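All chains, please: the whole structure from these sequences, using the hints.
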Amino acid sequence: MPVPTRGGFKHIIAVGSGKGGVGKSTVSALLAIGLSRLGHKTALLDADITGPSIPSMLGVSEMPHGTPEGIVPPVSPVLGIRIMSMNLFMEDTSKPVVWRGPLIGNVIGQFWNDTDWVDSEILVIDLPPGTSDAPLTVMQTIALDGVVMVTTPQDISTRIVEKMMHMTRMMNVPLVGMVENMSHAVCPHCGERWDLFGPSHMEEVRSRWDIPQLGSLPIDRQITLLADSGKLEEYRSENQPEEMATRVLSAAASLVTYPPDGSR
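Residue numbers for the sequence shown, in my numbering: 46 to 309.
Bear in mind the hints are in silico, worked out from the structure with no lab data behind them.
Treat the numbers as computed from the prediction; the structure is a model and nothing was measured.
Warning: the hint list may mix true and false statements.
Said to hold, decoys possible - Once the Cα atoms are required to be at most 27 Å apart in a straight line, the calculated DSS-like pairs of lysine-lysine come out as:
no. : residue 1 : residue 2
1   : LYS276    : LYS86
2   : LYS140    : LYS276
3   : LYS55     : LYS86
Stated by the list, open to error - What follows is a set of in silico ranges between Cβ atoms, one per label pair, in the way DEER data are often shown:
no. : residue 1 : residue 2 : range
4   : SER177    : THR269    : 22 to 32 Å
5   : GLY53     : GLU237    : 46 to 56 Å
6   : GLU136    : TRP239    : 39 to 49 Å
All C-beta atoms, glycine included, are put in the ideal place defined by N, C-alpha and C.
As structure tokens, then:
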């Protein structure tokens with residue numbers, strides 16, 4: 046088994062859940078945006094090879110270009126976040142990528158080994174759903190600070206998320222903490238809180254695993270509109286996403302230290 050490497054990054058944080066539809070890509074993008082606004086040179090690796098959405102949210106369509114040092118990812122238009130995604134290599138992004146797991150793992154490995162991230166300091170990795178080849182390749186290849194787990198309030202969601210949490214522990218990868226996405230909605234007229242998905246189960250899971258809560262993101266129409274138009278970098282709401290980024294970075298920094306060669 047190869048030794049996981051750091052690639053010169055100060056921090057490498059993966060975002061996962063094990064379950065589709067909880068908003069991992071949105072949280073990954075918002076985390077990268079928050080880190081960038083805090084002054085960190087940030088890159089974002091879209092490891093969801095068959096369902097990539099990061100470029101669309103951030104308004105990036107330029108194909109990566111090759112140099113003697115490697116493949117250089119394009120940057121987002123506002124904050125200059127470097128983006129690597131399968132979608133950037135597709136002439137028609139509506140066409141599916143129909144590959145078996147080993148080939149997907151190979152492409153993720155190529156993205157990691159052959160990319161020149163230039164001067165990026167922090168890498169955020171958007172993991173695909175599940176606990177199979179793709180997240181396994183990431184954890185075996187890249188020396189992660191840890192994984193941020195994303196859930197929604199429902200019990201059924203947290204049950205699947207815990208499968209991913211067990212996987213990270215099996216792979217000796219730290220858990221950074223949990224983010225609850227779509228936690229509630231707020232009435233635009235009276236300000237009443239609506240728990241549309243029922244009561245939250247994150248606290249009991251967080252306590253059971255002894256990890257911190259890193260953020261609770263409400264259902265926000267502004268996020269939807271900006272992401273759909275490729276302008277998610279413009280999102281601002283009550284110190285978000287900077288506050289979430291600060292908590293994630295603080296939690297990740299307290300978890301691990303690495304030797305000078307960057308290996309885990």
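Within 27 Å, alpha carbon to alpha carbon, are LYS55 and LYS86?
-> holds, 10 Å
When you take the CB atoms of SER177 and THR269, is the distance between them in 22 to 32 Å?
-> holds, 29 Å
Holds or violated: are the alpha carbons of LYS140 and LYS276 at most 27 Å from each other?
-> It holds: about 23 Å lies between the C-alpha atoms, which stays within 27 Å.
So the hint says 46 to 56 Å: do the beta-carbon atoms of GLY53 and GLU237 match that?
-> Holds - the Cβ-Cβ distance for GLY53 and GLU237, about 49 Å, lies within 46 to 56 Å.
Do the Cβ positions of GLU136 and TRP239 conform to the proposed distance bound of 39 to 49 Å?
-> holds, 43 Å
Quickly compare the C-alpha distance for LYS276 and LYS86 to 27 Å and report which way the hint goes.
-> holds, 19 Å
Of the numbered hints listed earlier, not one is contradicted by the structure.
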